[in-house]
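Trainee: Each chain, letter by letter, is given below.
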Amino acid sequence: MDAVEISGLTKKYGNFVALDNLHLAIKKGEVLGYLGPNGAGKTTTIRLMLGMIKPTAGQVTIFGKDAHKQKEAAHASLAYVPGEANLWPFLTGMETLHLLAKIHGSTDTAYRDQLIGRFELDRNKKVRAYSKGNKQKVALIAALASRADLLVLDEPTSGLDPLMEEVFREAIKEAKDNGQTVFLSSHILGEVEALCDRVGVLRAGKLVELGTLAELRHLSAVTVEATFKNKPPAVDAVKGVGNVSVQRNHLTCQVHGPIDELLTVLAAAHR
Amino acid sequence: MAAVVGAKRVIERFTFRRVIAGAVVFGLFAAAESAAQAAGIVAAYPDAAERAKVVQGLAENAALGLFYGNRHADILSPGGYMEYRILPAIALIGAVWGLLFITKMLRGQEENGRWELLLTGQTAAPRATARTLRGAAGGLLIIYALTVFILLAVGHSPKFSLPAGSCLLYGLVVIAGAALAMAIGAVTSQLAATRRRAVLYGLSVIIPLFVIRSIGTAVDSLAWLKNFTPFGWIDKVQPFYHSQPRWLLLLAVLTIVCAAVGVWLAAKRDVDESFIADSDTAKPHFTLLNSPLGFHFRLTRTVLFSWLLAAVSFAIIVAAVVKTVVSALSTTSALTETFGNLSGNPTAGLALAYLSAASYLLVTILMVMVATSMGAARGEEASGRLDNVVSGTVSRRRWLSTRLVLIIGGATAITIIANFAVWAVAKTQDIPVGFVSLVFGGLNVLGPVMLLLGVGVLLYGLLPKFTSLAMYIVIAWSFTVDIVASIVKMNDVVAGTSLLHHVSLVPAATPDWLTFSVMTAIGLALMAAGVLAFERRDLEAE
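Here the protein sequences come in this chain order: P and A.
Quick note on numbering: the first sequence equals residues 1 to 271 in my numbering.
Quick note on numbering: the second sequence equals residues 1 to 542 in my numbering.
Don't read these hints as lab results, they were simulated from the structure.
Incorrect hints may appear among the rest.
[To be verified] Derived pair list, reagent style BS3-like, types lysine-lysine, alpha-carbon separation capped at 27 Å: (1) P:54 <-> A:465; (2) P:173 <-> P:27; (3) A:323 <-> P:132.
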């Protein structure tokens, strides 16, 4: 049984299709990155996973529990961090963490205290006095300290400074080492690259790519086309170059990684 | 260039859009209540001798000044009675509404970060504050237009003969309380760090000003007090009797000065700062954070205690003046009958009938309380805070049910305590009223409250954005129909559409437990349906 199984998941608002026939499975212990531009349907997917909105078609199961029909049972094994932490302004950070722990049903208090230190959170400050990043820290600490089997994170580092982003990455690696599954919605490529085993790419409500980082390397390739007076140079041996095609004096190829070496070869042939 | 002008007006337009619904409801309420009073006095006392008795009875009764206006005015005429009977209440309700609205738009928006976004446009804090006030003033224009239009339509009839000029002036007086409160709210929004505190500061100005007015109206030797409170000035304008618009001018000047101070203060502070500092840190208290019920109580306890205080205060005031009222009104058979009709028992003694007014006020307070409570529930969802709760192991059903338990429990506790206060104060005046009939019999007022709550929960389950608005419309309708039905003969079907029509006001009336049970059962069924609908629909954040 996979941690998350999504089959034929569709969400329509009138004629607008927010999510279109999504099929996706997340293995236990896997960190899945969920990439896509704004409005692609990432948050819609998460809200469907959490049973906050009902699907037009399809189904989501969390550890075998239907996310819509058995919400509470499904929620028992997950923790969620929203893209924007909307918390109760008059509670302090510590009170909020206590409340969220009670709502979730469990928390590792020693780990929570450790995370408070690592994220440098002022626990006695009222939420209304927190910056956006600090509110996000509260939501993150609450989710991570729950030690839930599945972490559902919707752009969790929005508002965090680079140092705190690093703390977050360490915590996710610890969760992975601990056997937890992570669903990480993000549009920060570096974050996904550093943390994820597999990546799904969503565009206009459709999953257009899914695979390991190695499998998706072609997505980051640069296509180069060059026309020469004479026969183009051989570039197959140049580092990162692939898919080379030569037609008379016209060269087409793709480059992964630095392009400098290819440019040097092409420039030399041009002289 | 046109685009720039449009951009500058966007705050006015945004505020205006937000004020329309509330302004229409309040405008219709003010106009309907005023027209109902005019119609009521004409229908209830067609005979001049009977009216003269009423005037004498009311004029001699100082205690009524706590609630009503200038008793020395010409309350024989429909217009005069209208301004005497309902204008002070409209001014107070309008002031509270205006304060709540403007603090939401100013400090409330600052609290949730939207104000900062507005200030990144072609504006600065003082200008944005002024523009917000201008947008809110658009709401006042709506109230004015509705009031004047309805009064002119009603006043056209020879039975009422309300002069057009007086109607125009009456409309200005109707909006005066709300306008001043908006200006006061603009100031308190600069002083307080949170919207909650801004409202509290505003109320701590408005309520004492109203109390001073009431004392000045009730006690002739202290009538001079009314010169020092804007609510006293509102009484003194008297649109239908010796019009004195200069008091309105004074109100306008005070309103403009307060608004200007608010705008000036906005320029003197940084965004997210306040002149009265509020501690940003606190020692954690976990006692009420261990269960949804405890947490809901923590969220709403201040509001609940405020409602309790309001209900008990009104109950004590009504009970405290019962003897005075009885001696003042006992000569007027029509008024006795009116109180009797209002209480649901025309043959009850005047003392018991008047004590029933406490039940009437109580049920009104409870209805507003459940409406605001459901509004707060919707607020949790709209702000996205509910996501934190229902993404855990707390089901939507449990979340809403616990909230309902707290609302119903709060309403029940308020009813018992307020009725106990009435009983205790009445006892000190040797009014023969039974403890059981008042304190336990008084629980029957919860019938319409439960039904209203049921309507609110069903709407919340189906059309969450309209929950509050629809509940306030039901309250305003019920209040208006019931008042009119108590003084004129009304079609039973129409009268029955008022929730208040189905409540037995103790101690004058014997509780009708069958009606109570039916209303409660319907309310509970609607709540169950609403909870089920809420479980099945999409959560809607704003």
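Trainee: Are the hints correct? Go through all of them and say.
Mentor: For each hint, the structure was consulted:
1. Note on residue 54 of chain P and residue 465 of chain A: the hinted pairing holds, with a Cα-Cα distance of about 18 Å set against a maximum of 27 Å.
2. The hinted pair formed by residue 173 of chain P and residue 27 of chain P meets the criterion: a straight-line CA distance of about 16 Å does not exceed 27 Å.
3. Between residue 323 of chain A and residue 132 of chain P the alpha-carbon distance is near 60 Å, which puts this suggested pair outside the 27 Å criterion.
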